[in-house]
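Peer 1: Sequence:
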Amino acid sequence: MLHKTAIVTFMFIALLFSWFAGHIVVGEKEIVFPVMIKTSTTCQTTTTANQNQLIVFTPSKYVAQLLTQNLCDDKVVAKQYGSVIGYWGYRTVDSLEFVGKGIADLILAKNNIMEAFRAETTYNYQPVVGFSDYTAFFISSKEKPLITKQYFLDKRIGLLDYPTSRSGHILPKQTFKQLGLNIAQLKITYASSHNELRELLANGQVDLIASFWRENDSKRFSKNYITPISSNVAGTRWYLKMQHNNTDLLCAVQSHLLSMSKEQSFRYYQDVEPYWQCNNYPVTFIGES
696 MLHKTAIVTF MFIALLFSWF AGHIVVGEKE IVFPVMIKTS TTCQTTTTAN
746 QNQLIVFTPS KYVAQLLTQN LCDDKVVAKQ YGSVIGYWGY RTVDSLEFVG
796 KGIADLILAK NNIMEAFRAE TTYNYQPVVG FSDYTAFFIS SKEKPLITKQ
846 YFLDKRIGLL DYPTSRSGHI LPKQTFKQLG LNIAQLKITY ASSHNELREL
896 LANGQVDLIA SFWRENDSKR FSKNYITPIS SNVAGTRWYL KMQHNNTDLL
946 CAVQSHLLSM SKEQSFRYYQ DVEPYWQCNN YPVTFIGES
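Using my numbering, the letters of the sequence shown correspond one by one to residues 696 to 984.
Just so you know, the hints here were simulated from the structure itself, not pulled from any lab data.
Note that the Cβ used here is the ideal one computed from N, Cα and C, for glycine as well.
Some clues are possibly wrong.
Stated by the list, open to error - List of simulated lysine-lysine pairs, DSBU-like, C-alpha gap at most 30 Å: (1) LYS839 with LYS850; (2) LYS936 with LYS957; (3) LYS770 with LYS756; (4) LYS914 with LYS957; (5) LYS796 with LYS756; (6) LYS918 with LYS850; (7) LYS918 with LYS805; (8) LYS882 with LYS868; (9) LYS882 with LYS872; (10) LYS936 with LYS882; (11) LYS868 with LYS837; (12) LYS914 with LYS850; (13) LYS868 with LYS844; (14) LYS882 with LYS844; (15) LYS882 with LYS756; (16) LYS837 with LYS872.
What the hints assert, rightly or not - Pair by pair, the computed Cβ-Cβ distance ranges are: (17) CYS738 with TYR846: 47 to 57 Å; (18) ALA744 with ILE878: 50 to 60 Å; (19) ALA744 with PRO858: 38 to 48 Å; (20) ASN919 with THR816: 43 to 53 Å.
Could you put together the complete structure from these sequences and hints?
Peer 2: Printed below as a string of structure tokens:
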């Protein structure tokens, strides 16, 4: 019995010693684990004492970082905000979160998402600039897709897993319905982004996808093997939450968005249309031309 007691006492002392040794090495400093996935950037304006924060959301990390810094350097923004925070998210669900709860002051989103949440009425989001309309396509890697019931029955089809996407979800499913096809009969693989759809097609995991045509798609796919689903699909727009008639901020934002469009590598994002007349006072909404 004495022998067992000695062993237990020794183990307790060893454990206590290990705890003290670890405490001395670590000290009182709190252990902070690094953030593995960063989805936002923040900068200060010249009025750092101002607690107001301008919140921006866009699907592009590059655009979020560039626009955030440009707005921080803007004199109009500095008069109203102490900092600007830019968020980015690549999934449609990310946009839904920011729009549905009215989190973002400035957001790049599709107009059908804004309409679905009645965001213009609920939060008074106003379109600032918009990108041109586009065409939705069925895209294949080996043949030109046919818009017939029989054609789709034996095809592996790639669609987007977001019901708000027009080119990747809404329009192709409308086409299937018009052809009298039951979705349950089709071999559909869902992807989380247009880029993932292209990877599925390029890797031979699907026979065709529903998406829009990009300039650099011709590097992997043939333009002869695309079939339009619908043209004049409304493009994305930048919206500003206008709970006040803050036209100074609106015009400052519009100016930066127009300047940034010239620096974009994709031609689609270079073709941007302003919705407000800011050259003369009073500022007026001119809408789409």
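Peer 1: Tell me the numbers of any earlier hints that the structure contravenes, in ascending order.
Peer 2: 10 and 15
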